Amino acid sequence: EFNVAAVIAFGVAVEYALQVGIDRIWVRIQHLAGLLRQKLRAIDGVTVCDKGSVQCGIISFSVAPVPAADLQAFLHAQKVNITHSGAHSTMLDMHARGLKEVCRASVHYYNTEQELEHVAGLVAQFLKDAASHPK
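Read left to right, the sequence shown gives residues 1 to 135 (my numbering).
For the record, the hints were derived by calculation from the structure and aren't laboratory data. Here the structure is a predicted model, which is why all the values come from computation and not from measurement. Treat the hints with care, as some may be off.
The calculated lysine to aspartate or glutamate pairs, modelled on EDC-like cross-linking and capped at a C-alpha distance of 20 Å, are [unchecked claim]:
hint	residue 1	residue 2
1	K39	D23
2	K128	E117
3	K39	E113
4	K100	D44
5	K79	E117
6	K51	E101
7	K128	D44
8	K39	E15
9	K100	D23
10	K79	E115
11	K128	D50
Sequences are here, hints too, so could you generate the full structure?
The structure is reproduced here in structure tokens:
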């Protein structure tokens, strides 16, 4: 079997990215990711875990001691998609930094600043609710 539709869609996506411009996309992703990191850092209970002088559009953060899976489920119910990874995913790095799990949010060049504000607001709401109703 061969997925012709996927190959065609990939080609269209590449053409679109080239029309927009790879450099413009990179600048936009850097802006949005930096903005989301800034908004998450401002929330009590959130620790942004990203390192490095050049950071990508994937924002890793912790909401410990609240389980990352709980935040993921809450956001999913609000139509926001994030993932979470346990220490088994990046054992050496997480162990060295004392992390058990992280949440991961990805920005894309078509996201808006308002969407990032919405996500940060939902994270803050979740942590506030979790603090007032501990398990």
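Q. Regarding the pair K128 and D50, is the alpha-carbon distance no greater than 20 Å?
A. violated (23 Å)
Q. Holds or violated: K39 with E113, Cα cutoff 20 Å?
A. holds (11 Å)
**Q.** 20 Å Cα cutoff - pair K79, E117
**A.** Holds. K79 to E117 sits at ~14 Å (cutoff 20 Å).
Q: Quickly compare the C-alpha distance for K100 and D44 to 20 Å and report which way the hint goes.
A: Holds, because 19 Å separates the two Cα atoms, which is no more than 20 Å.
Q. Within 20 Å, alpha carbon to alpha carbon, are K100 and D23?
A. Answer violated: K100 to D23 is near 35 Å, above 20 Å.
(Q) Check whether the Cα positions of K128 and D44 lie no farther apart than 20 Å. (A) Within the cut-off at roughly 9 Å; holds.
Q.
Can you confirm whether the C-alpha distance between K128 and E117 stays at or below 20 Å?
A. Roughly 16 Å between the alpha carbons, so the hint for K128 and E117 holds.
Q.
Tell me if the straight-line CA distance from K39 to D23 falls inside 20 Å.
A. violated (24 Å)
Q) Keeping to a limit of 20 Å between CA atoms, is the pair of K51 and E101 held or broken? A) Holds. K51 to E101 sits at ~16 Å (cutoff 20 Å).
Q: Decide if the proposed pair is consistent with the structure: K39 and E15, CA atoms, cutoff 20 Å inclusive.
A: violated (33 Å)
Q) Is the hinted pair K79 and E115 satisfied, with a Cα-Cα distance of at most 20 Å? A) OK: K79 and E115 at ~11 Å, within 20 Å.
The structure is inconsistent with the numbered hints 1, 8, 9 and 11, although it conforms to all the rest.
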